[in-house]
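A.B. asks: Read off the chains here:
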Amino acid sequence: MTTITHTTTRATSNTLAIAFAAFMGLGIMVFAGHVQASTLHDAAHDVRHASGFPCH
Amino acid sequence: MFTRILTSALFAGFAAGLIAAVLQLVFVQPVLLHAELYETGAKLHFGTQGSVAHGPALTFDAMRDGLSILFSALVYTGYGLMLVAAMALAEERGVTITARKGILWGLAGFITVHFAPAISLPPEVPGSAAAEVAIRQVWWFSTIAVTGLSMALIAFGQNWKAWGAAIVLLLLPHVIGAPHPDMFTGTTPPELASLFASRALGVGLSAWVVLGLTAAYFWQREGNA
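Protein sequence lines, in the order shown, are assigned to chains A and B.
Under the numbering used here, the first sequence has 787 at position 32, and the numbering climbs by one with no breaks.
Under the numbering used here, the second sequence has 163 at position 146, and the numbering climbs by one with no breaks.
Chain B with its partners taken away, still in its complex shape (with noise of 0.2 Å):
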């Protein structure tokens, strides 16, 4: 059984790793750097030159990307083996995993730890002011646990109880409030901040998918070998 959890999830988190590393690279790094420019100072938005909407061009720098690369490979495996254990489980519970659920299953997955937080944290740009991390830490760990629990309760639950309470769970780390900073200080233009948000999103609910697709697929393979 832990073996094929294991293989599941490490070649699904590798592909959907490696996949988010490509896109976070092309897409987010251009306007990360970008942002950069504005935290360290280099730019100034309203400075007496303006904020010229030109960023730096796509480059890869080996030790800075290639770090980004073994990390996003690191975190979707660790992603991957909560995926599959969650898949192994249902499985034991009489719920049959096909690739083609396996999508379902990553776009919960994409909900629970990426689009849940940023409905009230949004993923942060450099340069933006920010509260206290540890405090924001324990809110975006909370959230992912309950928006989880309450996938897991709207995808099988048997009755309005357990959907009423996926309901309420949902909602409620949004209505407790997550950690804000009282200054807003930062110091990156608006424009930059939405761009990086939502490209952020994009980038993990592709990633998502790729995971509960190869994770489901691997793991069918693994059950029938």
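Just chain A, same shape as in the assembly (with noise of 0.2 Å):
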């Protein structure tokens, strides 16, 4: 009985982690590529047109 509970946590503690760590890593990629705030903008700005991203 322990051992599955155990085996549970763990299994949902690492499902936990992975999906932290995707939305972290979409919103790394939203606030660097997409975000249109000017100054974001121009910082970002040859990057974005040269990963193809939607630009202005």
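Because the hints were derived from the structure by calculation, they are not lab data.
All figures in this text were calculated on a predicted structure; none of them were measured in a lab.
A few of these clues could be false.
Derived list of chain B stretches under chain A, where covered just means 3 residues or more per stretch with a C-beta under 8 Å from a C-beta of chain A [to be verified]:
no.: 1; segment: 77-86
no.: 2; segment: 92-102
no.: 3; segment: 119-125
no.: 4; segment: 171-184
Chain B side only, calculated, beta carbon under 7 Å to chain A, not exhaustive [what the hints assert, rightly or not]:
no.: 5; residue: 41
no.: 6; residue: 43
no.: 7; residue: 89
no.: 8; residue: 105
no.: 9; residue: 217
Have a look at the derived ranges for each label pair, beta carbon to beta carbon [to be verified]:
no.: 10; chain 1: B; residue 1: 81; chain 2: A; residue 2: 790; range: 14 to 22 Å
no.: 11; chain 1: B; residue 1: 77; chain 2: A; residue 2: 767; range: 44 to 52 Å
no.: 12; chain 1: A; residue 1: 794; chain 2: B; residue 2: 76; range: 21 to 29 Å
no.: 13; chain 1: A; residue 1: 792; chain 2: B; residue 2: 117; range: 38 to 46 Å
no.: 14; chain 1: B; residue 1: 61; chain 2: A; residue 2: 794; range: 38 to 46 Å
no.: 15; chain 1: A; residue 1: 785; chain 2: B; residue 2: 83; range: 21 to 29 Å
no.: 16; chain 1: B; residue 1: 69; chain 2: A; residue 2: 771; range: 20 to 28 Å
no.: 17; chain 1: A; residue 1: 782; chain 2: B; residue 2: 197; range: 24 to 32 Å
no.: 18; chain 1: B; residue 1: 121; chain 2: A; residue 2: 771; range: 23 to 31 Å
no.: 19; chain 1: B; residue 1: 43; chain 2: A; residue 2: 790; range: 22 to 30 Å
no.: 20; chain 1: B; residue 1: 76; chain 2: A; residue 2: 766; range: 22 to 30 Å
Where is the CB? At the ideal position from N, CA and C, for every residue including glycine.
With the hints as a guide, dock the two chains, each given alone in a separate frame, to form the complex.
C.D. replies: What follows is the structure, given as structure tokens:
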């Protein structure tokens, strides 16, 4: 019983870690590549064009 | 688990981002700067003097190019986190991750975020006409979502039901069509636009192969530590 509980807890925490990492990655990509705030846009301008992101 | 993902993604993302930045500054930036001369009107396509094909020389602007290096590293760290998260999820389901297979993961990533969107919405050179940015972003994000899903179905699907769904998902954004402008008002010569698009894709391909390879390598290494 204890073993099953531990395994389930570990699996859940792994899934949470994976989901959190994926959302963090998505957040960084959206922030650096897609948010249209003008300071961000100007700073990331060349990378956005070269990465094929919709820009302007 | 989270530390292992974060460590692998940071190392791989930074390496790939740095390589992408160097390739971009050498191969894409001169085309971009040349195109900006047409965007701002400093040069005029079909003007009285014609369009001299010679563009600006390779230069390094500390502020502008420094920011490009920083943002390139950021974008690839973001990609790295998503890629390593996907690798972790696959490993949980019994898939073995090796550095060599990492190259295939990288290629799938390149197809997802660069190649598939570029088929209907090519990387835009400055001075080209485009539809409203918000609607292009909706199309872009939808395209990478369904393409990513179809890559997973192709790689891990066991039957034609999965592979058939993958083909439909791959084609769907292009059948629907990307948002394009009502009028072509671009000022940049098509020679520069096509060179820009293919160079941008070349840089993306190189960086994603490095990202896949290094992400898988560090993921393995951190797992054995």
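A.B. asks: For each hint, tell me whether it holds in the structure or not.
C.D. replies: Results of checking the hints against the structure:
{"no.": "1", "hint": "77-86", "in the structure": "holds (count 4)"}
{"no.": "2", "hint": "92-102", "in the structure": "holds (count 10)"}
{"no.": "3", "hint": "119-125", "in the structure": "violated (count 0)"}
{"no.": "4", "hint": "171-184", "in the structure": "violated (count 0)"}
{"no.": "5", "hint": "41", "in the structure": "holds, 5 Å"}
{"no.": "6", "hint": "43", "in the structure": "violated, 11 Å"}
{"no.": "7", "hint": "89", "in the structure": "holds, 5 Å"}
{"no.": "8", "hint": "105", "in the structure": "holds, 5 Å"}
{"no.": "9", "hint": "217", "in the structure": "holds, 5 Å"}
{"no.": "10", "hint": "B/81 x A/790: 14 to 22 Å", "in the structure": "holds, 19 Å"}
{"no.": "11", "hint": "B/77 x A/767: 44 to 52 Å", "in the structure": "holds, 49 Å"}
{"no.": "12", "hint": "A/794 x B/76: 21 to 29 Å", "in the structure": "holds, 24 Å"}
{"no.": "13", "hint": "A/792 x B/117: 38 to 46 Å", "in the structure": "holds, 41 Å"}
{"no.": "14", "hint": "B/61 x A/794: 38 to 46 Å", "in the structure": "violated, 31 Å"}
{"no.": "15", "hint": "A/785 x B/83: 21 to 29 Å", "in the structure": "holds, 22 Å"}
{"no.": "16", "hint": "B/69 x A/771: 20 to 28 Å", "in the structure": "violated, 58 Å"}
{"no.": "17", "hint": "A/782 x B/197: 24 to 32 Å", "in the structure": "holds, 29 Å"}
{"no.": "18", "hint": "B/121 x A/771: 23 to 31 Å", "in the structure": "holds, 27 Å"}
{"no.": "19", "hint": "B/43 x A/790: 22 to 30 Å", "in the structure": "holds, 27 Å"}
{"no.": "20", "hint": "B/76 x A/766: 22 to 30 Å", "in the structure": "violated, 53 Å"}
Checked against the numbered hints above, the structure breaks hints 3, 4, 6, 14, 16 and 20 and satisfies the rest.
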